[in-house]
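451 is the number that my numbering gives to position 277 of the sequence shown; each next residue is one higher, with no gaps.
These are computed hints drawn from the structure, not numbers from a lab.
Glycine residues also receive a C-beta, built at the ideal position from the N, C-alpha and C atoms.
There may be inaccurate statements among the hints.
As the list claims (entries may be wrong) - Once the Cα atoms are required to be at most 25 angstroms apart in a straight line, the calculated DSS-like pairs of lysine-lysine come out as:
no.: 1; residue 1: Lys375; residue 2: Lys406
no.: 2; residue 1: Lys242; residue 2: Lys305
no.: 3; residue 1: Lys375; residue 2: Lys295
no.: 4; residue 1: Lys324; residue 2: Lys375
no.: 5; residue 1: Lys305; residue 2: Lys295
no.: 6; residue 1: Lys339; residue 2: Lys375
Unchecked claim - Ranges between beta-carbon positions, derived for each pair:
no.: 7; residue 1: Asn518; residue 2: Gln342; range: 48 to 58 angstroms
no.: 8; residue 1: Val463; residue 2: Pro410; range: 48 to 58 angstroms
no.: 9; residue 1: Tyr465; residue 2: Ser414; range: 46 to 56 angstroms
no.: 10; residue 1: Asn322; residue 2: Thr254; range: 17 to 27 angstroms
no.: 11; residue 1: Pro459; residue 2: Gln342; range: 51 to 61 angstroms
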Amino acid sequence: MRRTVNRRIRLVLVWILVFCMLPAMTGHAAAQYVSDGMIHEEGYIVIGSSHAVLAGYAMEQRTDEYHKVIGLEGVYYTKTAVTEAGRTGTKAMEKDFEMSGNLFFVCEGLIIDATNRQATKEYIYSDGKGKCGEGVQTIHRVMDANPNIKHWNIISYQGAAQAAKGRQDIADYYVSSYRNWMEYEFPDADCYFLSHSLITKIYRGKRNLDLFNRTLEQAFPDQYMDYTAYFKERYPSGMSDPTEKGDAVHWSAETYAGMITDVIRRIQERRAECMEQQNPVKITPVVCVLYTNETTVIKRKPHAGAEIVVAGCDAGLPIQVTGVADTGFYEIALNGELFYVEINGLSEGVIK
175 MRRTVNRRIR
185 LVLVWILVFC
195 MLPAMTGHAA
205 AQYVSDGMIH
215 EEGYIVIGSS
225 HAVLAGYAME
235 QRTDEYHKVI
245 GLEGVYYTKT
255 AVTEAGRTGT
265 KAMEKDFEMS
275 GNLFFVCEGL
285 IIDATNRQAT
295 KEYIYSDGKG
305 KCGEGVQTIH
315 RVMDANPNIK
325 HWNIISYQGA
335 AQAAKGRQDI
345 ADYYVSSYRN
355 WMEYEFPDAD
365 CYFLSHSLIT
375 KIYRGKRNLD
385 LFNRTLEQAF
395 PDQYMDYTAY
405 FKERYPSGMS
415 DPTEKGDAVH
425 WSAETYAGMI
435 TDVIRRIQER
445 RAECMEQQNP
455 VKITPVVCVL
465 YTNETTVIKR
475 KPHAGAEIVV
485 AGCDAGLPIQ
495 VTGVADTGFY
505 EIALNGELFY
515 VEINGLSEGV
525 IK
């Protein structure tokens, strides 16, 4: 009995530590989601608990001066603090913040406090009849605020705390709600469900840790994305090594940013394959030589989200062009294989 009580006390202390180690945040700031006015073929919404909040912070460091996410094609992310009105003298506290672009992170504010409602299973609930949790409501709010985005991809990284309970009824609760996401809440969007890598210290000694992930994988084989190996590769000792960064639950900013980047890249590849199947690319044969320039990017397929083979090369290199695709790409021949470059990525003459 005493051992059980002590274990519970330790668990409470760990969660208190977790909340204290999150980035400095002010009380119950609200997230506002606004449109950047640009037309985007794809949009991405990440929903989760503290992992998603920290991933949102991490991705701020992955954008360039134009708010484009580095390493991803056509993805923009802006998170701007809205300062409290009327404050003078000392730096104003962050009261609210805005997100815009075509990448969004769902959170109820900059703070995760003791109530931690984002970590509850009710947050992602949907009964398929109109009743849903706060997280689902916020996803709708993001989509409604951005009619300029043609297609949505919803990425759920929620449920790490619930997975630790190792209960089948909880896993089934998520499956039921996610089915309602796909059939009722967001029928025109693509939904993806990320695995939870429960290898950190806080989960040790828990039973049936794999139950939650395996239930999602079996229910949604085409939507489930397993990142277990991704985290084990980066944290082979599960953060038990004191030299590793992070607390008892969370990963480093670099790890979060890398994961989100990889998820979106995989989604883009799937979308490119889907679009190619639905609308086969028409290529008009041509024979000419064009030259690389400062924007040349060589891709595997003639689509914006296709795999990048060469991210950049020296300007002025001659390229054999064999066709023009109706998606706005040149078909090129390199080393006996066919690749693709956007129209503005090749020039008629050497640019001096």
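Cross-check of the supplied hints:
Note on Lys375 and Lys406: the hinted pairing holds, with a Cα-Cα distance of about 13 angstroms set against a maximum of 25 angstroms. The hinted pair formed by Lys242 and Lys305 fails the criterion: a straight-line CA distance of about 36 angstroms is larger than 25 angstroms. About 22 angstroms separates the Cα atoms of Lys375 and Lys295, which keeps this hinted pair within 25 angstroms; it holds. Annotation: proposed proximity of Lys324 to Lys375 is violated, straight-line Cα distance about 42 angstroms (limit 25 angstroms).
In summary, the hint linking Lys305 to Lys295 is supported, as the alpha carbons are separated by about 14 angstroms, within the 25 angstroms threshold. Between Lys339 and Lys375, the direct Cα distance comes to roughly 15 angstroms. Compliance with the 25 angstroms bound is thereby established for this hinted pair. The hinted window of 48 to 58 angstroms between Asn518 and Gln342 holds, with their beta carbons roughly 53 angstroms apart. For the hinted restraint 48 to 58 angstroms between Val463 and Pro410, the CB-CB distance of approximately 50 angstroms keeps it satisfied.
Restraint check, Tyr465 to Ser414: a C-beta distance of roughly 54 angstroms satisfies the suggested window 46 to 56 angstroms. For Asn322 and Thr254, the hinted distance range of 17 to 27 angstroms is satisfied, since their beta carbons lie about 18 angstroms from each other. Restraint check, Pro459 to Gln342: a C-beta distance of roughly 57 angstroms satisfies the suggested window 51 to 61 angstroms.
Violated hints for the displayed structure, listed by number in ascending order: 2 and 4.
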